[in-house]
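Q: For the record, in the sequence shown the residue sitting at position 676 is 676 according to UniProt numbering, with numbers rising by one throughout.
None of these hints come from the bench; they were simulated from the model.
There is no bait here: all hints are sound.
If you anchor each label on the Cβ, the simulated ranges turn out as follows:
no.: 1; residue 1: Pro784; residue 2: Arg537; range: 54 to 62 Å
no.: 2; residue 1: Ala100; residue 2: Ala225; range: 41 to 49 Å
no.: 3; residue 1: Gly259; residue 2: Gly79; range: 21 to 29 Å
Values in this document were obtained by computation on a predicted structure and should not be read as measured data.
Glycine included, every Cβ here is placed at the ideal spot set by N, Cα and C.
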Amino acid sequence: MISFDPAQLEVLALDPGRHARVLGAPGTGKTVLVVEAYARAIARAGWAEGDALVLAPNRLVASALRRRVERAAGRAIGGTPVRTTTSLAFAVLSRAAAVAGREAPRLLTGTAQDEAIAETVEELLLGPAGGAAEAAAAGGAGGDAAGGGGAPASRGPRTGSGSGSGDGSPRAAAAALAVLPPEVLRSPAFRAELRELWRVVDDFGLDPGVLASELRRIRGEAAAAAHTRAPEEGLIDRWCAGLLLIELVATRLASERPGELSSSALLRAAAAAVRERGVAGSAGEAGQGRFAMPRLLLVDDAQELGEGDLALLAACASSGSRIWVFGDPDMATGAFRGERTEVLTRLAEELARRGAPRAADEQSVVLRSVHRHGSGLRGFVRQLTDRIGAAGAGGQRSAEAAGGEDRPPGSVEFTALGSPAEQIGVIAHRLRARRLGLDHGRRVDWNEMAVICRSRAEALRVSRALAAHQVPTGIASGGTVLREHQIVRELIRLLQHALGIAPLSGQEVLALAGGTIGGLDPVQLRRLRGALLLQERREAQTEERPPGDIGEIALDAFEHPGAAPVIDSAGGRALRRLGRCAAAAERVRAAGGTARETLWALWEGTRLAGRWQDEALDGRGARADEAHRSLDAVMGLFFALQRHEEQASSQPIAELLDELLLSAVPEDTLAQRSERAAVTVTTPQGAIGREFGIVAVIGVQDGAWPNLRARGSLLGTAALERWLRGGAASPPSRKDTVHDELRLFAHSCARAREEVLVAAVSDEDQYPSAFFGLGREQLREGLPSSRLTLRGAVAQMRRRLTTDAGDEAALTALTALARAEVPGARPEEWYGVPPASSEIPLFTADPDPRVPVSPSQLERAETCPLDWAIAHLGGGRGSLQAGLGTLLHHALDTVGRADPEALLAAVTAEWSKLPFDAEWESVRAERLARAMTESLAAYLRAFEASGRELIASEAPFEIPLARAVLRGMADRLELTRRSDGAAELAVLDLKTGRTPPSKAAAEEHAQLQAYQMGVSSAAFALPEGTELPPGTVSGGARLLYVHPDATGSSDYAERVQQPISEQALESLRERVDGIAEVMASAGFTARVEHHCSDPHQPGECRLHIIPAVSRA
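Kindly generate the complete structure, drawing on both the sequences and the hints.
A: This is the structure:
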């Protein structure tokens, strides 16, 4: 039996015939009161189950609340006692559709809306618009398309009702969008902001065309006035551009996806339907099309209500419902979705602002006792909330922890770590220690722990990192992006192939063989390619024909899987398995199966289900965690296809699959997720309505939390929302943003019942933020980070034995661990002890024994064969510098003229492909890219002024030798015509490194010598129609350096290699053949003293010269 404190009893005694506000700090029992108020309401005389309804902030919370409500009622409840506002809107519209004999509306997913925006923008940018754009020109979008359900355009503050639709033609929209550059219009950030602008239009019940017309009228009046409080002209231009684009997109969606409404459009249409239909006073009236709205709506976490939610509540209030709101304004987390309403401070006024009749002053209760945690935690949370602007509330902050001296105060600790890895180690140690009952003695379940991160991307990284420390994790933040999972991408491509939508290419088949379904590692995949090539060459030699392309060979094996694999190896069997999998799916499709049934045939053919289920149920380590995530992602894919079938969507299945592959918009899903004990890793928004025994808050870094970047700056969405509310058309101030971020931080810390650990990284690149400074008094140093796992114990014992071979305790412990078959404990498993996995030469015997050798790898293979082999076999590490160099080469090839802006644009067009770990890295790299493109442009200006001619760029060449085939590609071939009529052809190689070689070293540069061999042998493949002048000779070769560290005070730096002699060319031929012998061997030597251990020559070989533990 629950006992209630005096303030809680006051809430339960409130009059259900009047509106009410209940303010309470975190942990004061607001949700308990919501549940109890519902149970008591439906138990009143004359009240039925449908007379009360609980509204939750999201579906996850609603599901948990539903179970609590049913237990509190003590009996089975018909209908749905707990909904979200979107669910209520859907129920209202479904009832209206049933009464009218229409089809119920369907939810327009964020992915579909995003795709429609991208397609419309592309049409406008590429020229004459057609399709949906022409339809918009003919009639405009109107209120139905933009808002859904035919809701009338309401009159927002200062906008009036408008005098007609705006010019929604493609031409007008394209002209309006000229205020933003094309690269911005194509960006995901612009599409996200346009969806937010659309939400604002829906929330206020406005027609985008009417609003655009009204804004243009206001702009005209402001231009003629000496003084005006109208929004800035540039802001109005951006609003109008967005509104016109919304009209076009809405028309496209109305045509392509009739009956589908976004979540904001559902709220808008439902509010209009409730106002039009009214409320039923009896079951008979309900049967005649009037809605039986609940008499009492209990809104939990009301601080999360937005304008659209408020509009629906106001409509319900107009129909006779009474609204009780429970919450704490200090805990609002939805600032990124627009400003929150003020229902917790002035409920009646807010309802009246959205059209509800003026009611008597609402009832108000402030809860005074916190039951969730003790005085220590309560004091810290209060310290945070006291720094937040009160915004008309604040009385709830005075709440004190209940229980007095007898209750443990709770623990708050802050710690700054030296690296992200140490940060994860400390958190993993703390969570595992609590799970094992160490220190505090009480064992805490995984489900009672949470790690809260500022962003969804960080939550994904932290989840995987913790799983690597054998902490089981589950993501609960903002839905799922299916394309982030490799298994989903592979299944969709196979499904597209099986359905005949987009047949696989040979290279894609090889990629699948090396992916999740094929299961080959990089070495096995390389061996498969080599074996296929060898077999094809033999067959081609026998049949006296040229050898075929390796991709086509793999594709043929995939499309015609025989009884035996095409190659008797792991790679050949993987190809056959892929082929049989696709063939089974094609048979299902040919027999009339649906896309979902075809996908099931593919999934069964992969044989991954059983293995992943076993790994997931094993429950240990990163493998189990990854298995859970992959199975959940596959379930999400099946659910997406199931929803497409059940809704009988007119969208072609090909478009749906393309959307799933392209969309980066997180989607909520009703697909059942794996149930297991796991630590919740989430964002502050994902923790709404939840509490945990232990909470770790991570990522309190400068520039990340608080995140002070301007929101809604592209289209001024936040300013429009403020203006429509009657305020100034200005974006949130820096102070407002800091307070919003502090609310997120306070909300995260307040989820804990017993313990909060706040962790940040402090190193050369990252610093704790100002929020971290709020915990000075709770700062702790030296927190343990050792792994409290069996593998961690193995590592510790092995480390102790390495230090002291006579450590009997460590030896005894390691022996016990080995007998228990703990991985890594048995000496036979130690690195360096097992024999080599293979002694087969890298390039086996072949009718054509020549080994492919690249000019860029000559010196690397000579300097350290082991370093070359690791990189060649796929073990190399990608780097930001290498990626940036690739983009510079691409810019030189595609632009090729002395235009630094064009060169930089070519680089930044592929910017998303670079591996940035933090925003500051991107900013620094962009400055470097700008400097290098300016140097490159300076060289091209000098080239144009010199009279030299560009013969070819990215020019390939191939020279067969005795043991090798020298094959490469030169960045540029430049021709110089001498005054005596002769011509010289020189090779230019672009370098983006920091340190150019000396002039003497450049003369011996093997890569440049190889290029000169290509010129001397006339081996370069020139563009069609290009011929060199007769008698053209080698003009040498040059290295072009554009990195600021290499150029110094010059615009660029060159290192020249003079034309080499025939004797030098012959020496180079012998040298290349010798290198080919090294590359083709079964073993590779480490040049430990001269390379591997030299800190000034970093290579991939360093890992392999670290002594194994077994050598101690």
